[in-house]
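Take these sequences, add in the hints, and give me the full structure.
There are 2 protein chains.
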Amino acid sequence: MKKPITIKDLAKSLNISVATVSRALRNSNEISSETKKAVLKLAKEMHYHPNLLARGLINKKSKILGVVVPTINRQFWSNSISGIENIAYKDGYKVMIFQSAESFQKEVEIVETLANSRVDGILIAFSKETREYEHIQQVLDRGIPVLLFERVCDELNTSKVVTDDFFGAKRITQHLILRGKKHIAYLGGPQVLAVCRERFLGFKSAMDDAGLPISPEHVIETDDFTFEIAKNGIYQLWNSNNKPDAVFCFADILAIGALDACKELGIRVPEQLALAGFGNDDTSRFVSPSLTTMSQPSFEMGQLAAKLILEEINSEEEDEFDFKTEIIKPNLIVRESS
Amino acid sequence: MKKPITIKDLAKSLNISVATVSRALRNSNEISSETKKAVLKLAKEMHYHPNLLARGLINKKSKILGVVVPTINRQFWSNSISGIENIAYKDGYKVMIFQSAESFQKEVEIVETLANSRVDGILIAFSKETREYEHIQQVLDRGIPVLLFERVCDELNTSKVVTDDFFGAKRITQHLILRGKKHIAYLGGPQVLAVCRERFLGFKSAMDDAGLPISPEHVIETDDFTFEIAKNGIYQLWNSNNKPDAVFCFADILAIGALDACKELGIRVPEQLALAGFGNDDTSRFVSPSLTTMSQPSFEMGQLAAKLILEEINSEEEDEFDFKTEIIKPNLIVRESS
DNA sequence: CTGAAAGCGCTTACAG
DNA sequence: CTGAAAGCGCTTACAG
Numbered sequence: 001m002k003k004p005i006t007i008k009d010l011a012k013s014l015n016i017s018v019a020t021v022s023r024a025l026r027n028s029n030e031i032s033s034e035t036k037k038a039v040l041k042l043a044k045e046m047h048y049h050p051n052l053l054a055r056g057l058i059n060k061k062s063k064i065l066g067v068v069v070p071t072i073n074r075q076f077w078s079n080s081i082s083g084i085e086n087i088a089y090k091d092g093y094k095v096m097i098f099q100s101a102e103s104f105q106k107e108v109e110i111v112e113t114l115a116n117s118r119v120d121g122i123l124i125a126f127s128k129e130t131r132e133y134e135h136i137q138q139v140l141d142r143g144i145p146v147l148l149f150e151r152v153c154d155e156l157n158t159s160k161v162v163t164d165d166f167f168g169a170k171r172i173t174q175h176l177i178l179r180g181k182k183h184i185a186y187l188g189g190p191q192v193l194a195v196c197r198e199r200f201l202g203f204k205s206a207m208d209d210a211g212l213p214i215s216p217e218h219v220i221e222t223d224d225f226t227f228e229i230a231k232n233g234i235y236q237l238w239n240s241n242n243k244p245d246a247v248f249c250f251a252d253i254l255a256i257g258a259l260d261a262c263k264e265l266g267i268r269v270p271e272q273l274a275l276a277g278f279g280n281d282d283t284s285r286f287v288s289p290s291l292t293t294m295s296q297p298s299f300e301m302g303q304l305a306a307k308l309i310l311e312e313i314n315s316e317e318e319d320e321f322d323f324k325t326e327i328i329k330p331n332l333i334v335r336e337s338s
Numbered sequence: 001m002k003k004p005i006t007i008k009d010l011a012k013s014l015n016i017s018v019a020t021v022s023r024a025l026r027n028s029n030e031i032s033s034e035t036k037k038a039v040l041k042l043a044k045e046m047h048y049h050p051n052l053l054a055r056g057l058i059n060k061k062s063k064i065l066g067v068v069v070p071t072i073n074r075q076f077w078s079n080s081i082s083g084i085e086n087i088a089y090k091d092g093y094k095v096m097i098f099q100s101a102e103s104f105q106k107e108v109e110i111v112e113t114l115a116n117s118r119v120d121g122i123l124i125a126f127s128k129e130t131r132e133y134e135h136i137q138q139v140l141d142r143g144i145p146v147l148l149f150e151r152v153c154d155e156l157n158t159s160k161v162v163t164d165d166f167f168g169a170k171r172i173t174q175h176l177i178l179r180g181k182k183h184i185a186y187l188g189g190p191q192v193l194a195v196c197r198e199r200f201l202g203f204k205s206a207m208d209d210a211g212l213p214i215s216p217e218h219v220i221e222t223d224d225f226t227f228e229i230a231k232n233g234i235y236q237l238w239n240s241n242n243k244p245d246a247v248f249c250f251a252d253i254l255a256i257g258a259l260d261a262c263k264e265l266g267i268r269v270p271e272q273l274a275l276a277g278f279g280n281d282d283t284s285r286f287v288s289p290s291l292t293t294m295s296q297p298s299f300e301m302g303q304l305a306a307k308l309i310l311e312e313i314n315s316e317e318e319d320e321f322d323f324k325t326e327i328i329k330p331n332l333i334v335r336e337s338s
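Protein chains in written order, with full-length UniProt numbering: chain L, 1 to 338; chain B, 1 to 338.
Please keep in mind that the hints were generated in silico from the structure rather than gathered at the bench. Computed from a predicted model, the values in this text were never measured in an experiment. There could be a bad hint or two in this list.
Which copy? The list can't say, so a pair holds if one copy fits it or any two copies do.
[What the hints assert, rightly or not] Think about it this way: if two alpha-carbon atoms lie no more than 30 Å apart in a straight line, the pair counts; the simulated DSSO-like pairs of lysine-lysine are:
id, residue 1, residue 2
1, Lys60, Lys204
2, Lys106, Lys44
3, Lys3, Lys106
4, Lys263, Lys204
5, Lys160, Lys2
6, Lys2, Lys307
7, Lys61, Lys2
8, Lys160, Lys329
9, Lys204, Lys106
10, Lys128, Lys44
11, Lys3, Lys307
12, Lys63, Lys106
13, Lys90, Lys3
14, Lys94, Lys61
Pasting the structure below:
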């Protein structure tokens, strides 16, 4: 590593003080345009680059937002991030992205690093393992703004951006019912997760309203949201005497696995078995039959999240900030699978 | 923002010097276990957290790797990043991810920020717009290790990790030829990009070897790699008198678009038109007919990239580091579309 | 408009 | 084993 050029080097070369150099570089108004020009010229010539660590140490502002998601490898998360960046960049903020890989320990480490690096704010969607929120509460206590999105919790007093999962699940279940389906199964995640609970409750509510019973063996909870696990689920459902005529899947990837199982088992979709997902992965458009799903406006949710946290960051630190919880309704997209 | 606890606060409370506190915190060996214990205890009680900016300013080591990719919203890139993280975390490094969004200007900004934040190394895949490499050369001149992956250039003297695009394209074209196809079209990106050029040349080489001519109207160059553009390409090919009997697509997403066009046009795949992609997006498994493709080992490429740059970072700065270029062969995965 | 000085939070030779 | 001092690269009142 070479010794980088510092303002000291510039100052020495020009025979002026570092204070003046600093002012010229930051385009201060208390400086003559002449010296400013000279400094800027030399800075360019000598390939001067400011040390952001030193600046951050003094300014206490990094103009950096930290984002923590379970994985970037899913449409929903990567789209949200794009939405966050879209807003952040307009305001001169850079966005640092980290993946927790659904590991609580990694999440804790990342949050700690982010906070210790003095980012201006942290946007986080919890890992699947996260059950306690001490690590976030500590960051909050340190006065660092945190915004929770999609995978949130009730315990924390922050701004939040979430999907209206209850509404979405109810709405898509109603759609299946309208299609004449009466024995609808549910393929979803563990109900310790709020999002899973909500979607199940929405599903249940629609069934209840229609006076349709839910068979216990039609509720399959998976720990992992993978293609293979969904396939097993369909095999399990189809091997019983009590076959469903539709399946509402917690996530598109599950519905896509379900679809594959249907192909293998020779089940006609949607005639024998209608399928519906949630989330609107790009993939759901490309499979055949294409997949009915509740589309989460992930990009817009990211934008909204960024807006909220920037508001908080830019608010007067004195007055209590008014935390908002934005509940975003997903949109039903009907395709061939129902 | 509250005033954070510093080592000064700890020192005052314990009536010892900041130097001693610092040593206790960093688990130095020149310290009595007694004072160490006391410091650690108080640090916990007072919720002390080290300021990484201050540490970085002195240490010149951040234990952070910066990664710049065109987008995280594609399997190949997100998988590579997971591979990079996998290796980096084992070595105690954190990974900061940035998206250039295929914008040269944004790429330049990000690289500048990364370098000015004193990350220990930068792994970058160029944006589609990037034609000059001054921004990287400058970073190199500053002594910061840079590794190029997938979207690279010849001009820069760094370690590189790339796909053997020529081999991959040739191999998959040969596969199509073996399937009895003789009029193979090519759907790909602009050949100013090295990766596009290589894949086209591999395609051409296989055709040449087999004594098969390539019709000029069978070579379609698209500027964007999107589903819709690929569909148009197929419409264009099919509306001519000189219809191909197979299409080698530069990327899976193009092949998937092609597939959709075939469905709309009633073209039987692979009988009338065989289709092959490149990259092995997850989606290519899920579409129907499933897609033949050259599978790039993206996770492993990420791992390799991280290994190489960590080697460089950990090498004695004195001796010239021996830059390596790793050329990774993709694997042919034959599925239903051919 | 410019400079000397103090300081951001931390680390590390150098003495003792 | 501990402390005083210098310093990392920068910014910002305070004087002038």
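### Task
Could you figure out if lysine 60 and lysine 204 sit no more than 30 Å apart (CA to CA) within one copy, between two copies, both or neither?
neither (49 Å within a copy, 57 Å between copies)
### Query
Which holds for lysine 3 with lysine 307 at a C-alpha limit of 30 Å: within a copy, between copies, both or neither?
between (39 Å within a copy, 25 Å between copies)
### Query
When no copy is specified for lysine 94 and lysine 61, does a C-alpha distance of 30 Å or less occur within a copy, between copies, both, or neither?
both (12 Å within a copy, 21 Å between copies)
#### Entry: Within, between, both or neither: lysine 90, lysine 3 at alpha-carbon 30 Å
between (33 Å within a copy, 29 Å between copies)
### Query
Between the shortest in-copy and the shortest cross-copy C-alpha distance, which are at most 30 Å for lysine 204 and lysine 106: within, between, both, or neither?
neither (35 Å within a copy, 47 Å between copies)
### Task
Measure nothing new, just compare the shortest in-copy and cross-copy C-alpha distances for lysine 128 and lysine 44 to 30 Å and report within, between, both or neither.
between (48 Å within a copy, 27 Å between copies)
### Query
Given identical chains, is lysine 63 near lysine 106, meaning Cα to Cα at most 30 Å, within a copy, between copies, both, or neither?
both (24 Å within a copy, 16 Å between copies)
### Homo-oligomer pair classification [lysine 307, lysine 2; C-alpha up to 30 Å]
So lysine 2 and lysine 307 pass the 30 Å test across copies only (22 Å; inside, 40 Å).
### Message
Within, between, both or neither: how does the pair lysine 160, lysine 2 come out at a Cα-Cα threshold of 30 Å?
### Response
between (45 Å within a copy, 22 Å between copies)
### Task
Indicate which option fits the pair lysine 3, lysine 106 if close means a Cα-Cα distance not exceeding 30 Å: within, between, both or neither.
For lysine 3 and lysine 106, the Cα distance is within 30 Å only across copies (27 Å; inside one copy 34 Å).
#### Entry: Copy assignment of lysine 61 with lysine 2, given that the CA separation must stay at most 30 Å
So lysine 61 and lysine 2 pass the 30 Å test inside a copy (27 Å) and across (13 Å) alike.
### Query
Quick one: lysine 106 to lysine 44, C-alpha cut-off 30 Å, is that within a copy, between copies, both, or neither?
between (41 Å within a copy, 20 Å between copies)
Hint compliance for this structure: hints 1 and 9 are not met, and every other hint is.
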